[in-house]
Amino acid sequence: MITRRRLVLAILAGQVLLMVGLIAQQEYRLATWDTIRLPVIPVDPVALFRGRYVRLGYDFLRIETTETDWKSGDVIYLRLAPDTGGLWRLAGFGHTPDKPPGEVLVRGRIRFTSTPHLYVETGIESYFLSERKAPQVEQLMGKQYRITVDVAVSADGATALKQLYVEGIPAERFEP
Numbered sequence: 032m033i034t035r036r037r038l039v040l041a042i043l044a045g046q047v048l049l050m051v052g053l054i055a056q057q058e059y060r061l062a063t064w065d066t067i068r069l070p071v072i073p074v075d076p077v078a079l080f081r082g083r084y085v086r087l088g089y090d091f092l093r094i095e096t097t098e099t100d101w102k103s104g105d106v107i108y109l110r111l112a113p114d115t116g117g118l119w120r121l122a123g124f125g126h127t128p129d130k131p132p133g134e135v136l137v138r139g140r141i142r143f144t145s146t147p148h149l150y151v152e153t154g155i156e157s158y159f160l161s162e163r164k165a166p167q168v169e170q171l172m173g174k175q176y177r178i179t180v181d182v183a184v185s186a187d188g189a190t191a192l193k194q195l196y197v198e199g200i201p202a203e204r205f206e207p
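With our numbering as the guide, the letters of the sequence shown map in order to residues 32 to 207.
Hints are computed from structural coordinates only; laboratory data are not their basis. Among these hints, one or two may not hold up.
Unchecked claim - With beta-carbon atoms standing in for the labels, derived distance ranges: (1) Thr97 with Pro128: 34 to 42 Å; (2) Ile42 with Gln175: 50 to 58 Å; (3) Thr96 with Leu43: 24 to 32 Å; (4) Phe143 with Lys174: 16 to 24 Å; (5) Thr97 with Gly45: 48 to 56 Å.
In this text, a Cβ means the ideal position worked out from N, Cα and C, and glycines have one as well.
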């Protein structure tokens with residue numbers, strides 16, 4: 032009986048430690064990685080099992096190129112550089128994580144190709160909001176509001192969304 036109780040407690044403790052570890056890992060990323068601000072092109076889906084979210088698009092997810100050596104599933108490194116307004120834009124891309132000073136890397140994967148375009152996914156294409164706020168923000172997206180996101184970026188190109196903004200105000204607090 033005591034052995035069974037210890038086993039149950041050990042399993043519960045393991046689950047709690049796993050959850051704490053996942054949260055701590057994400058908080059570490061958001062606190063220590065470089066932060067860049069990107070303009071977004073939103074889309075509006077609902078994830079049945081994950082709740083309401085805003086689907087985000089970026090101009091660098093569709094790349095025009097004459098290169099033909101890319102195929103679905105390939106890892107791609109996007110080089111982003113700041114524009115004069117402080118937003119980060121595509122400066123180049125390649126198969127290797129090389130970048131000049133002043134640029135950041137975003138690691139992605141080729142979803143598919145359609146000559147002359149590459150379609151890329153990076154893992155920062157959705158932002159979760161409350162059931163109440165998501166529909167409000169979705170309505171704003173088609174109405175010429177400036178929508179941006181802050182993204183934490185590691186040295187090797189891994190990314191994590193930090194915040195969605197509408198007209199420079201966090202989406203959760205924005206009121207039209």
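Taking the hints in turn, this is what the structure says about them:
1. For Thr97 and Pro128, the hinted distance range of 34 to 42 Å is not satisfied, since their beta carbons lie about 22 Å from each other.
2. The given range of 50 to 58 Å is respected by Ile42 and Gln175, whose C-beta atoms sit roughly 53 Å from each other.
3. A beta carbon spacing of about 51 Å between Thr96 and Leu43 contradicts the range 24 to 32 Å that was offered as a hint.
4. Our hint of 16 to 24 Å for Phe143 and Lys174 is violated, since their Cβ atoms are close to 31 Å apart.
5. The hint said 48 to 56 Å for the Cβ distance between Thr97 and Gly45, and at roughly 52 Å that hint holds.
When the structure is compared with the earlier hints, violations turn up for hints 1, 3 and 4 and for no others.
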